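Protein chains: 2
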Amino acid sequence: MTRELTVSIDAMGGDAGPGIVVTALLRALERHTHTQYLLHGDEAVLMPLLAAQPRLAGRVIVRHAPERVTMHDKPSQIVRRGQNTSMWRAIACVKAGEADVVVSAGNTGVLMAMSLLQLRTIEGIARPAIASIWPTMRGRTVVLDVGANVSATAEQLVDFAIMGEAFAHAVLNLEKPIVGLLNVGSEEQKGNEPVRGAARILRDSRLPIAFHGFVEGNDITQGLVDVVVTDGFTGNIALKTAEGAAKLVGQYLGMALRRSLMGRIGAMFARGALNALRRNLDPRASAGGIFLGLNGIVVKAHGGTDDIGFAGALSMAIDMARADINARIAADRRKLEPAAEEEQAALT
Amino acid sequence: MTRELTVSIDAMGGDAGPGIVVTALLRALERHTHTQYLLHGDEAVLMPLLAAQPRLAGRVIVRHAPERVTMHDKPSQIVRRGQNTSMWRAIACVKAGEADVVVSAGNTGVLMAMSLLQLRTIEGIARPAIASIWPTMRGRTVVLDVGANVSATAEQLVDFAIMGEAFAHAVLNLEKPIVGLLNVGSEEQKGNEPVRGAARILRDSRLPIAFHGFVEGNDITQGLVDVVVTDGFTGNIALKTAEGAAKLVGQYLGMALRRSLMGRIGAMFARGALNALRRNLDPRASAGGIFLGLNGIVVKAHGGTDDIGFAGALSMAIDMARADINARIAADRRKLEPAAEEEQAALT
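Chain order of the listed sequences is F and L. Residue numbers for the first sequence, in this note's numbering: 4 to 351. Residue numbers for the second sequence, in this note's numbering: 4 to 351.
The shape of chain F in the complex, shown without the other chains (with noise of 0.2 Å):
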């Protein structure tokens, strides 16, 4: 019954190199059945390497990439000349409908650069936006846009909403995703123009999104609600100031412990619960970025992943690809255009 499913990897992408891939590769077969992969870099690194996998065999393709994107480059600069890359060559086969998704832990820029350009958007889409999972003490949130772009419209705020929503209901399982906007106040006067009109739309449009209103930053970690939109400015610094914060906790409380006899006896005790919150907390788990309002699935591992970290990756693009989250996207946004959505009543 499962259809087989094709990933499209960029393997050049990652600080620490294929190596990790093809580890993460041998985890996600574990877990997903019919699946294939598109191995996409310098073939004289990576037969070696598969070579050395017989549990691969039959399951992996290697397509030889000479080029390779670096994290120094800049998008205006490659987008254009950077064809014979191996993230260029990943993206491709998505948009030539030779693999349903494509995954990399390369440079996040470029990445957003060469899946804009190929993939292009989703009908009535302006822009994409990267989506983000946060833990929280409820479970998890979606937090877009996380850095795709440096400023949102009203507008482009509700398509944020409308594809934060269809992600966290396709991939989080969620039946009816509760949606907030995130913004300096929760009454309705506060911010600025972008977040308030996009209120205005959120509650007065035939959209079918269950909007609560504006969340504060502290709402977000709290589970308030199950998709939390922002401009990718705010959004990318929201994020970073968070991890920032979270890892001084950390390191506030590993200087706390090893400061006294006392402590450091308690910390052995607590060695297991100590790690049960380290793995709660551990970026690994959060697949690094999701790419939404392309026509076409990407999903950006962190760029200093390993092996399980990558693996996260390569289940959640898997997740996305078999919940068909650009439909119900497509979908939603035509709803905001009255005269397109009478044309489409019309037709059924």
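Which copy? The list can't say, so a pair holds if one copy fits it or any two copies do.
Derived DSS-like pairs (lysine-lysine); straight-line CA-CA distance at most 30 Å:
| no. | residue 1 | residue 2 |
| --- | --- | --- |
| 1 | Lys338 | Lys179 |
| 2 | Lys77 | Lys193 |
| 3 | Lys179 | Lys250 |
| 4 | Lys193 | Lys98 |
| 5 | Lys338 | Lys193 |
| 6 | Lys250 | Lys77 |
| 7 | Lys338 | Lys98 |
| 8 | Lys179 | Lys193 |
| 9 | Lys98 | Lys77 |
Hints in this document: simulated from the structure, not taken from any laboratory. Remember, it's a predicted structure, so these values are computed and weren't measured experimentally.
Once you've looked at the hints, dock chain L against the given chain F.
For chain L alone, kept in the frame of chain F given last:
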């Protein structure tokens, strides 16, 4: 030698009522000699509280105010007809030169609106900002604006840099504070127009400010720079998101420790260390919000603060009043206007 300072206090501001203000005064008088206090609020409430504390006799004067600002009041509505409130009158004493500084734990939006209306901004400064002190791996970092405005132009961000630098110099005792602009990346081409414009001005002007360049969200808590400049929308969300993330880690830690016997034993041994961690992250240590850019010093204690937090806000206010921070802000601001600077040079 030490000049006598007068602190004007809105005694009716915080959630906890005026009781904590009186206890905070006892703490403040232990640390700060040569200070006296004007207490604005309901005489019938304040007089008995003071009568019970004979150590405050001769240091505190009560000024009756028949009304008070509540947390539900809207700035736009209360600001013109709130002249009988304890908050308005506390600010008016600074305006009249009767007091050097005003402290309130009341409604932030109303406190800013009333302060702006009565005190106006320093010459050359278009907008005031709210600064917040964050604990970091290296000490403390000033972040501003955390909510006075919902947007900022490049020029306003530069003003915030001047204000934050003067504050860090005067109150955090840093000879040459390092200033960074909060952005979505550290490379020069990153970000929106205001941050890129502000970076150009800070690099090219004759301002005597040590400008680091762009910093990212996670750099704040690592203490990469002493002053982090951002617009009030992003800054407010970053602040609350960081508080939420730190709280989440604390909640995870508590859950992890309680879940197993070993965890509970470990927590017993590590109690001292865990309490030290809690103190390090205590928001009461941050003194709330500091209003910068006004012709007068205004400190906002946390609305939910207790006597320890309010005493911290009093200490901060007294330190600021002694440091004459506004003279430095005005002098730096004049350096941005070449004509004004030459005029200034001709006069001296």
